[in-house]
Amino acid sequence: MTEISMEAIRLFQRSRFFRGLTERQMRELIPLVRKIQFDAGDYIVHEGDLANDLFVILEGEVDVIKKEPSSEQRHRLTKLTQEDIFGEMSLIEQGTHSATVRAVKPTTLLALSINEARMLSSEKSNYERLRQKMRGIIEEIDFLSREQPTYFKLSTNLATELSLRLRQANEVTVDSLKGQLHEARSRVAMGSFMINVLTMLVLYVFSLKAISTFGEEGLSTAIISVPLIVLFACGLIVMMKSHGYPLSFYGLTRKNWKRSAFEGVLISIPLIALCTLIKWFLITFIEGFEGVRLFSFTLGINSDYLGKVPLFVIVILPLIYLLFTPLQELISRGALQSSLEEFLVGAHKQWWAILLSNLLFSVTHLHVSFEMALAVFIPGLAWGWLYSRQRSLVGVSVSHMVVGSFAFYILGVQGVLTVNP
0 MTEISMEAIR LFQRSRFFRG LTERQMRELI PLVRKIQFDA GDYIVHEGDL ANDLFVILEG
60 EVDVIKKEPS SEQRHRLTKL TQEDIFGEMS LIEQGTHSAT VRAVKPTTLL ALSINEARML
120 SSEKSNYERL RQKMRGIIEE IDFLSREQPT YFKLSTNLAT ELSLRLRQAN EVTVDSLKGQ
180 LHEARSRVAM GSFMINVLTM LVLYVFSLKA ISTFGEEGLS TAIISVPLIV LFACGLIVMM
240 KSHGYPLSFY GLTRKNWKRS AFEGVLISIP LIALCTLIKW FLITFIEGFE GVRLFSFTLG
300 INSDYLGKVP LFVIVILPLI YLLFTPLQEL ISRGALQSSL EEFLVGAHKQ WWAILLSNLL
360 FSVTHLHVSF EMALAVFIPG LAWGWLYSRQ RSLVGVSVSH MVVGSFAFYI LGVQGVLTVN
420 P
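Under numbering that gives the first Met the number 0, the letters of the sequence shown match residues 0 to 420, in that order.
Please note: incorrect hints may appear among the correct ones.
[Said to hold, decoys possible] Quick list of in silico lysine-lysine cross-link-like pairs, DSSO-like style, CA-CA up to 30 Å: (1) K78 / K240; (2) K34 / K78; (3) K257 / K240.
[As the list claims (entries may be wrong)] Computed spacing ranges between beta-carbons, pair by pair: (4) P269 / S241: 35 to 41 Å; (5) P245 / L202: 25 to 31 Å; (6) S185 / S112: 25 to 31 Å; (7) S14 / D174: 28 to 34 Å; (8) F342 / V237: 18 to 24 Å; (9) Q179 / I315: 51 to 57 Å; (10) W384 / T283: 28 to 34 Å; (11) H347 / Q179: 21 to 27 Å; (12) E87 / D41: 18 to 24 Å; (13) K257 / K66: 42 to 48 Å; (14) P269 / R75: 52 to 58 Å.
Because the hints were derived from the structure by calculation, they are not lab data.
A virtual CB, placed ideally from N, CA and C, is assigned to each residue, including glycine.
All chains, please: the whole structure from these sequences, using the hints.
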């Protein structure tokens, strides 16, 4: 007996796949087996090739790889090692290979020809010989011969159905792997973007000492904060374009801009009423606010310094505020809230994103006062909700401009925040 014959018999005896074969049946298979060797990296079968052989791994290791039809990307489904088999579906289904198999390291296989194995079926000839030798029980043999094809047909149909389900399971596995890979890549990209945003935010906060100095001299902090906000926003836009997400993800879109702007005006009405009510309450019931007017028209400048500030500065400051308000929304809503909502997980991630983004943005107003940071935080919750609903910066920017202009230049909220009751 040849070496390959002995190897095949020993392997067949150990394999669960060949369990139940008699010694005669094993010896019938031996001439159909050939020994094949592959080096690491060699492709053994390719997905879509005609399936003619059943392979048993004598030694080595292989990867089973599935190709994604839409992108030609390949995914590893499983790893097979010694005594594992592949290509077994060709026994019951004449078709093509459903996956690619590649050798991971030097691998030796025993290949069994399926077409030749099918020709070994001798049950029919056995029944014919029995009919000739056992004339006396021909009816019983006829009965068995009629029943057995039905049973085997059902078994074959079941095997075919299982084969189809296995192919479908492979497709589902690939789709699942694709989704997990996309999610992992998205979270890595968003994590990198958030690190960059938070780093820039920290640098911005450290730069606010200069703003505090100007504030102490009675000038609007916009003289310094506007250039910083513009620089910050420019850096953000560069990062947004480099992280693979469309600009619409950050709210930079004109889709439904008219409706968004209208809703921004609508939500501004209760916010303006709330600001006015709070100031009226302070003037009416809190000691120290008695001499404060409800509407002060300070244009964001301390009244003690109005005569010292050039007229063009008084005129241009409200215009500057209106221009850089959308940049503030780009930072707080477009960058921070969108990134957090994408990065966080859980049923309430939307509300956590609104809360955290507003807290981070409020920190940038602590250079003015704690009260100013709190005053920014409260309407920011409403704007965060509006942004999560619209996914556009148009509505929140319009509302921010309307409410902010009213609060700073008509209501004079800065004067209220400097009062010591």
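Cross-check of the supplied hints:
At most 30 Å may separate the alpha-carbon atoms for a hinted pair to count; K78 and K240 exceed this at roughly 39 Å. A C-alpha spacing of about 21 Å is found between K34 and K78, which places the hinted pair at or below 30 Å, so the restraint holds. The hinted pair formed by K257 and K240 meets the criterion: a straight-line CA distance of about 26 Å does not exceed 30 Å. For P269 and S241, the hinted distance range of 35 to 41 Å is satisfied, since their beta carbons lie about 39 Å from each other.
A hinted range of 25 to 31 Å for the beta carbons of P245 and L202 is consistent with their spacing of about 27 Å. Evaluation of the 25 to 31 Å hint for S185 and S112 yields a failure: the beta carbon distance comes to about 48 Å. The supplied range of 28 to 34 Å is met by S14 and D174, whose beta-carbon atoms lie about 32 Å from each other. Checking the proposed 18 to 24 Å range against F342 and V237 shows it holds: the Cβ atoms sit about 20 Å from each other.
Between Q179 and I315 the beta carbons are some 53 Å apart, a value that agrees with the proposed interval 51 to 57 Å. At roughly 30 Å, the beta carbons of W384 and T283 sit within the given window of 28 to 34 Å. As the Cβ distance of H347 to Q179 is approximately 23 Å, the hint placing it in 21 to 27 Å holds. Distance hint for E87 and D41: a CB-CB separation of about 21 Å, consistent with the stated range 18 to 24 Å.
Taking 42 to 48 Å as the suggested C-beta distance range, the pair K257 and K66 conforms, at roughly 47 Å. Checked against the hint of 52 to 58 Å, the C-beta distance between P269 and R75 comes to roughly 57 Å, which is consistent with it.
Hints 1, 6, counting from the list given before, are not met by this structure.
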